[in-house]
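Student: Protein chains in written order, with my numbering: chain A, 135 to 516; chain B, 135 to 516; chain C, 135 to 516; chain D, 135 to 516.
Certain hints may be false.
Claimed, not checked - Derived EDC-like pairs (lysine to aspartate or glutamate); straight-line CA-CA distance at most 20 Å:
| hint | chain 1 | residue 1 | chain 2 | residue 2 |
| --- | --- | --- | --- | --- |
| 1 | B | K179 | C | D205 |
| 2 | C | K198 | C | D209 |
| 3 | C | K175 | C | D143 |
| 4 | D | K287 | D | E420 |
| 5 | C | K179 | B | D474 |
| 6 | C | K401 | A | D434 |
| 7 | C | K394 | D | E161 |
| 8 | A | K394 | D | E410 |
| 9 | B | K401 | B | E420 |
| 10 | D | K142 | D | E161 |
| 11 | C | K179 | B | D157 |
| 12 | D | K394 | A | D434 |
| 13 | A | K302 | B | E400 |
| 14 | A | K401 | B | E307 |
| 15 | A | K206 | D | E161 |
| 16 | D | K179 | A | D157 |
| 17 | C | K302 | D | E161 |
| 18 | D | K302 | C | E420 |
Unchecked claim - Computed from the model, here is a short list of chain A residues facing chain D with C-beta under 7 Å:
| hint | residue |
| --- | --- |
| 19 | T188 |
| 20 | E390 |
| 21 | G449 |
These are calculated hints, taken from the structure and not from any lab test. Bear in mind the structure is a predicted one, so any value in this text is a computation, not a measurement. Don't be surprised by glycine CBs; every beta carbon is placed ideally from N, CA and C.
Number of protein chains: 4
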Amino acid sequence: MGMVGGGKDAFIGAVHRIAANMDGLIELAAGALSINPEIAKESGKMLFLPEDRTYLTYEEMIKKESELPADKRIDFVTIVTPNFAHFAPAMMALDHGFHVVIEKPITFTLEEAKQLKQKVEETGLILALTHTYSGYPMVKQARAMVQGGELGKIRKVWVEYPQGWLSKLSEREGNAQAAWRTDPKKSGKSGCMGDIGTHAAHLAEYITGNKITHLCADLNVMVAGRALDDDGNVLLKFDNGASGVLMASQVAAGEENALKIRVYGEKGGLEWQQHEPNTLLVKWLEAPTQILRAGAGYTDRLSSYATHNCRTPGGHPEGYLEAFGNIYRNFALTLGARIDGTQPTKEMLDFPTVEDGIRGMAFIDNVVASSTSDVKWTAYQA
Amino acid sequence: MGMVGGGKDAFIGAVHRIAANMDGLIELAAGALSINPEIAKESGKMLFLPEDRTYLTYEEMIKKESELPADKRIDFVTIVTPNFAHFAPAMMALDHGFHVVIEKPITFTLEEAKQLKQKVEETGLILALTHTYSGYPMVKQARAMVQGGELGKIRKVWVEYPQGWLSKLSEREGNAQAAWRTDPKKSGKSGCMGDIGTHAAHLAEYITGNKITHLCADLNVMVAGRALDDDGNVLLKFDNGASGVLMASQVAAGEENALKIRVYGEKGGLEWQQHEPNTLLVKWLEAPTQILRAGAGYTDRLSSYATHNCRTPGGHPEGYLEAFGNIYRNFALTLGARIDGTQPTKEMLDFPTVEDGIRGMAFIDNVVASSTSDVKWTAYQA
Amino acid sequence: MGMVGGGKDAFIGAVHRIAANMDGLIELAAGALSINPEIAKESGKMLFLPEDRTYLTYEEMIKKESELPADKRIDFVTIVTPNFAHFAPAMMALDHGFHVVIEKPITFTLEEAKQLKQKVEETGLILALTHTYSGYPMVKQARAMVQGGELGKIRKVWVEYPQGWLSKLSEREGNAQAAWRTDPKKSGKSGCMGDIGTHAAHLAEYITGNKITHLCADLNVMVAGRALDDDGNVLLKFDNGASGVLMASQVAAGEENALKIRVYGEKGGLEWQQHEPNTLLVKWLEAPTQILRAGAGYTDRLSSYATHNCRTPGGHPEGYLEAFGNIYRNFALTLGARIDGTQPTKEMLDFPTVEDGIRGMAFIDNVVASSTSDVKWTAYQA
Amino acid sequence: MGMVGGGKDAFIGAVHRIAANMDGLIELAAGALSINPEIAKESGKMLFLPEDRTYLTYEEMIKKESELPADKRIDFVTIVTPNFAHFAPAMMALDHGFHVVIEKPITFTLEEAKQLKQKVEETGLILALTHTYSGYPMVKQARAMVQGGELGKIRKVWVEYPQGWLSKLSEREGNAQAAWRTDPKKSGKSGCMGDIGTHAAHLAEYITGNKITHLCADLNVMVAGRALDDDGNVLLKFDNGASGVLMASQVAAGEENALKIRVYGEKGGLEWQQHEPNTLLVKWLEAPTQILRAGAGYTDRLSSYATHNCRTPGGHPEGYLEAFGNIYRNFALTLGARIDGTQPTKEMLDFPTVEDGIRGMAFIDNVVASSTSDVKWTAYQA
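Chain A with its partners taken away, still in its complex shape:
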């Protein structure tokens, strides 16, 4: 693995490394870890990278690595830079024959995402997008139960993602994370909806298997002086007739990272929340609610998608890093199968791809368009 971005003090780069390390399948072998050469070098040293594979630019890394013998070079490039700097290294990596992992949102614009998709199709290479929350075993369990018809036809989807960390104008107080995430030049046309609303929308479509067809968005800038939305509420309609609500906020003071989804069908409902991710509540119309637990002994009740993505038995809580690790693990297993000439299982293939990336970019475009429209329903265009 060669990493673009993620130098010391970057949050998400460290997360990617832990996630990639975890299962002993992937090794950090090269990096272009910062656009600041000093930081790039120090970070490489800190991470035990050899000096000759500690690159100063992604162009250098991709070029030099592609010139190494096949058994010495990296297999894939992982891109953990701010949003505006995803597209170019991803395109170059694919062009040089490297598979790609990208932090979400996939690109800066929908148009870039579409070009990337075309490139992936042309090259036949694998691209994984780290929509972390779909990596949780009990999210996969939820999806499997909906797909299996256990809830009957889905009527209502309710997804919420409150955070509080942007309750002040932190971007003016030296918070680097806040600075780029609220800067339209680095983050894109939406703040809160791009950063976390896309996770919520992805989760809703992933679990239900239904697509949003119409939406009605109310985006707000709650902190005076901020350049992008920091709060929003969106009404949703899905292709199967279900109604929905998506709430995302970064000014919900006192909240951490409280992603939660509820899905109701004719026969019952599901509830999952990220703060307690090993539990899935299954509510029945005419029977007691059940508490399904990741790794539990009643393996006949759990989907193969759930059990495949667990490392420990019930009661040994797995968390965010393991969910992240599941995306890397499935990506690596799929890659390994390709290298070995075998067929990856359906559970291995279950990670977000460029298609999800396009859905995410389209969600941002549609939400922003709706928020400035006086018409109630905006037809979702992808």
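Place chains B, C and D on chain A using the hints.
Tutor: Same frame as chain A, but now just chains B, C and D:
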């Protein structure tokens, strides 16, 4: 107290009686308990009413009671009939000098509610509306904290009310509660929003002290064959600039009566849910979340509105019936003060009145108007 | 109902009145509310008692009431004085033909409890003991499930009752509740174990239907200067071979009234806690945990004992006062059946009696004996 | 790192590898992964070990690795075999100059543990013991708060560890985990207390900083035909006068791995449970309970021990594997500091050592001795 409606097998009538009995301040002395004479008589007997005060119609009750000597007759009439049958007995009771308690929604139409308000003002009598959920001590605590500025300016209100009991077409299967509540002739122009959405809207305005100024509603009939909405999502704007979402559903299969509200301000947030009503979560932007508990020993931290409405020390859970009882108790204490010629305290006076009733009827009107409009925001008219 | 004790500012007297009022079956008709004549009179006035039935001593009340015509006098006496003052009024009430309700612990000594039992048997009158916590619907559900064999043979019982309100030497700081409860002359030979340990022991035996046969007690005085135990841990053995632990503490700083019980059998386990009393967790060895809820729609899954003791549908939380009310209600229904010459149902008859009172007094004796013994196991003597 | 034991299908070996991999500080470089040569080889291949470092016995591994040049050989040996096979490889590793990580309980007997301690002292090498649960950030927070006197003098410790996985005689049904853990020849003189009771005892002493001085144990074999205790309750006395209870069970049907501890002092209490490990409840005598969260923004409120052991901000749950990883990480950082000739920080040095191992073995001895004694209190001997 003389009761209109609430014969045996009626749900809410029994609740009103327990709530009224609880504190030893009110006695059921007369009743016109059913439009069915047999049921009226049987119910009276079951409730230990004397035969001569077991009336067959509300007209008879109000007339005869008003002819009794002042120290023998009822002090007030409580009306627990279906929505369409609130207005007439309320007007007649006021006209005959009786105070009134009414189950919500106050009337069948906004117009009736306005007439009732005029009558209340003319007569100077007291009318209490049983918006139960505002009777909970920790709801009052939440209101007091917002009013006291502890959260700073409110930015976001999020209220949800999922129920699942109408997930099937129960109105066709002999469920009497379902039958009248889904019948436009008995319930009014909205089903779910009238029945429970009004509670949610009341709670949001009660706690924040802010008024809804605009809304954007998506009402749905999820169960084929149903005559009124059984599900809805509403975007809200408040007069202080806060944004909001109100979700109410009676087809959230597996949910009981899961009213919950979250309010976020500049400095922190509050979370309260009806299923665990003695707890109020107080979330701070830069300090640990606190768990405030009804009846707790740290009385300096609790509002006088909260402590006035508790009967037991912390850890002795009070519930729905006590919240209901608080409305009756405060109504009775206010009435008692008037009779004694004293001034009721501000805590006693804190119960819903005809003003809240008008707000509720207006909410129904506005939500229904918005739901059929293609324009995003409907200005709230009251 | 005639009440002994429970003047204004007494905690438990007010609870008894609310509990008795709640269902409209019982009326406070007479009282000897305090040994202080001024307080007795004021309290009577406050509670709307007629002056001629506001007595100054229980002797006066019992004597005068017994001389009233049968249809004018009270049916029963309820005794809510401190522990040392239960026995005499109870005996006198029974001797004069009145049924009795007593706050727990039933008497000051085991010997008194046995005499009371003999008197009850001689007179054929009804005595109810207010072990409140056994009045909760989901406690009754738990009992029914164990009795029905759903868990298989019970192996482990774990009951805990932490409170924090005696963490300081409050009895020296003007806290009247603390003063009598920590005074051996008023409370008896145990403090914490007598006050709340008895509730825990009752709950364990009530739910499992098994009797404690051996115990090993560690009682502590944690607050220097206190005359009675304020903390204790007890190992238990039950007659069916189950092992158990009982923990009770009044110096668990920060705890309210956190009674909780867990019972494990061969096939599964149950968990119930008083702070959230409408929920019963049912844990299965090889299937997901279920959340059983009081008043839920799946009535086939709930015991008739649970449904009989609910007043509202699921999601309308009932609490401590309703549990207390259930004891009064069942006592009153049983009494009513006797008066009507009918047979009370088994659900009506399910309230604590003098037998439970004897068990409670024996528990205190055995725990205190064990705590001063160097031998590990003390055989339980009743 | 060279691993002894942990071939494919072993539970704890895989956990050790993930924990060691996680932070990119440690690499699996050699292994003697099974006493079965076929499994040893297959496991080595599966884990990408080179063939020449896939050894068939630990003796071979330690000998051969010690003969490699200093910069090629492993730095330490990690031992993940069943209990009876810890001592010999640990002694041999130390004798050959390798640091050691051992799964708990440290040895088969207390005597062996003492010999190991002597060896550690002689060699000056580092030994880490994987008492996982003390690796959680909020456990470290709890310890820091107690040590800092925030709760005042500790009065009561209550630790529980219910599991249900041995509710049947699984050791006779082909469950390999159950087989060795219930076999006195492989597990030692205690089953449940050795396996999980030791974790509970360690947690109690670790958090409070107090030592158990007396105990009174009730050990049980609940499943007929089992050779070792599968359930137990222990009364505790601590050196500061606190009382305590330790409950551990492997027949608590329906429980997963529900380790929980509560500690109460004069001023407040703490509650932590492993199933939701990122939360620490802090209960105050006269103020609302606080919810402290791992990784939260209020870093001034969190101990440096807690923040040092977090990888992600609040709301990104870390779990069992991260707690495990913290032990490896701190061990590796301490080792790194020694190699670099620097002083490890106090936070790095905070991992369990041979001293904790001796405490654990002594706990087993004392609990078993007490359980067969008729005397109530057994003085703890170490």
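Student: Next, verify each hint and record whether it holds.
Tutor: Here is how each hint holds up against the structure:
1. B:K179 x C:D205: Satisfied, since the Cα-Cα distance of roughly 18 Å is no more than 20 Å.
2. C:K198 x C:D209: holds (13 Å)
3. C:K175 x C:D143: The given pair, whose Cα atoms are some 14 Å apart, holds under the 20 Å limit.
4. D:K287 x D:E420: Since the Cα atoms of D:K287 and D:E420 sit roughly 16 Å apart, the hinted pair holds (cutoff 20 Å).
5. C:K179 x B:D474: holds (15 Å)
6. C:K401 x A:D434: Roughly 18 Å between the alpha carbons, so the hint for C:K401 and A:D434 holds.
7. C:K394 x D:E161: Violated, at roughly 47 Å.
8. A:K394 x D:E410: Holds, at about 16 Å.
9. B:K401 x B:E420: Holds. B:K401 to B:E420 sits at ~8 Å (cutoff 20 Å).
10. D:K142 x D:E161: Between D:K142 and D:E161 the Cα gap is close to 18 Å, so the pair holds against 20 Å.
11. C:K179 x B:D157: holds (15 Å)
12. D:K394 x A:D434: Answer violated: D:K394 to A:D434 is near 28 Å, above 20 Å.
13. A:K302 x B:E400: holds (8 Å)
14. A:K401 x B:E307: holds (17 Å)
15. A:K206 x D:E161: holds (19 Å)
16. D:K179 x A:D157: Roughly 15 Å separates the two Cα atoms, so the pair holds.
17. C:K302 x D:E161: violated (54 Å)
18. D:K302 x C:E420: holds (11 Å)
19. T188: violated (15 Å)
20. E390: holds (3 Å)
21. G449: Nearest chain D Cβ about 3 Å off; hint holds.
Against the hints set out earlier in the document, violations occur for numbers 7, 12, 17, 19.
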